[in-house]
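Construct the complete structure from the given sequences, taking the supplied hints into account.
Going down the list, the sequences are from chains A and B.
Per numbering that gives the first Met the number 0, the first sequence starts with residue 0, numbered consecutively.
Per numbering that gives the first Met the number 0, the second sequence starts with residue 0, numbered consecutively.
Keep in mind that the hints were calculated from the coordinates and are not lab data.
Hints are not guaranteed to be accurate.
[Claimed, not checked] Residues on chain B that point at chain A, a partial pick, calculated with CB under 10 Å: (1) K25; (2) M31; (3) Q35; (4) F59.
This one's a predicted model, so the numbers in the text were calculated from it and none came from an experiment.
Where is the CB? At the ideal position from N, CA and C, for every residue including glycine.
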Amino acid sequence: MTARGLQTLAIHGGIHPSRNRGATTIPLYNSSSFAFESAEDLAKAFEGRHPGYIYSRITNPTVQAFEQRVAAIEGGAGTVATSSGMAAIQSLFYALTEAGSEVLFSRSLFGGTVLFLRDIAVRAGITVTFVDLEDTQAVDAALARRPRFLFFETVGNPKLDIPPMKAAIDAAASYGVPTVVDATVSSPALFSAKAWGAAAVMHSTTKLITGSGTVIGGVVTDLGQFDWSTHASSAIRSERDRVGNGLALVAALRKQAGLNAGLVMSPFNAFVSALGLETLPLRAAAQGANALALAEYLSTHPKAASVRYPGLAGDPYHDRERQFFRGSSGQLVTFCLEDRRQAFAFMNALELAMRATNLGDAKTLVIHPASTIFHDCAPEERAYADVSEGMVRVSVGLESSEDIIEDFDRAFASCSSRGEEYGVHRRSSETLQSTYPAPGSGW
Amino acid sequence: MTITVNGEGRDLGRTVSVVELLASEKVESPDMVAVQLNGSILDRAEFATTRVADGDAVEFLYFMGGGSE
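Structure, rendered in structure tokens:
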């Protein structure tokens, strides 16, 4: 078959009318278990020697169709859908680590990921090493210890930094270390992890993939291009012996994260997220355009400081956005006001944008990261992520860009008329001496 | 020519490739099936060129996919 385009795969992937009474979309199978013709067939299914769905903690026809659609878009060997984006991250540990393993993470991470590593992974006996991916010597030194995997985000949330992804992935590969990329902010519409050589890619599907702010979920896709033959994970070794190298990670994720840990996506959530995928490329492009329009407006506004959007020509990560992404790096824009009081006042004056924690929604959402997604993080962790008391993060939606900008303009004017004062603005990293773990150090 | 597929006998009129056998067995998601031939895992790249011979034991190992098909 001729290679299909992204938009075609997003619509047709996972649809099999001949297996589903002619249904032209992915049917919703709300069934926890599935019956077999004979006890012998059921027994063979448990051995993996007979086709058929067994139990929806392992997988389900609707979930599998969604997984097939994601795998098609990513160009991957296979995808495993999970109950949330955090469950997707957790599943990597079940598939790739044991107590005593070391993993290597970029220092620029979503707060929820930081908390998972600090409060759960470390307590489970995993050594988590953080590294600044710009520091190639530190990266090399850490990779030389053969950590179980390297993990980073395509676009740091909310730091909006874009790491030197090709150099990091190539370096990891040279040491036989698989790279897992969290592409939640950019989505598979804007970023191809396979093209840059990653072993696997994950997303919180709650965000841009679903796009409607409706259901929680995550996915991990094995991109089918990593040689697992020397990987030390016992789960990988076992699956490699059973199903071969090409499907080892998918099989390990399915068994450990699904069958054993139960981190699976519900059929309803898969149904909704599969519908979301059908318009993902169109939404991602439109939201990127809206984000650029808002960022350009903010960058000329005297009351907004430290405006960050990689699509802005003067942004420190603009060249990398052009290098790595299709059209734009996503829909997140950040800017800074003087302090928390002013940030709250501004957010409260918005009439169209909603105050909510999510991103990639069709609605424009604003959040104050310091008091929300980073509220449990230490000051030095906030500082490294550039989270200051005055920072506002915007997930730009699909509304008419003129309406979004008018809403922001009205909110600025409203704050001024109420006597709010705006002064010199600085990001926390400019004002705090970081005591964050030194590059290469761990918890 | 007689072979076994997952322990069950099959009479085939001619030798077939693994790809052809997956099709004749009506495997819905061949991307998500591993194949053992006489106890050895086959590389997926060899499915099209590997031919099944008389007396061979073939195992299709299903593990509930998510493949791209």
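Going through the hints against the structure:
{"no.": "1", "hint": "K25", "verdict": "holds, 9 Å"}
{"no.": "2", "hint": "M31", "verdict": "holds, 6 Å"}
{"no.": "3", "hint": "Q35", "verdict": "holds, 9 Å"}
{"no.": "4", "hint": "F59", "verdict": "holds, 7 Å"}
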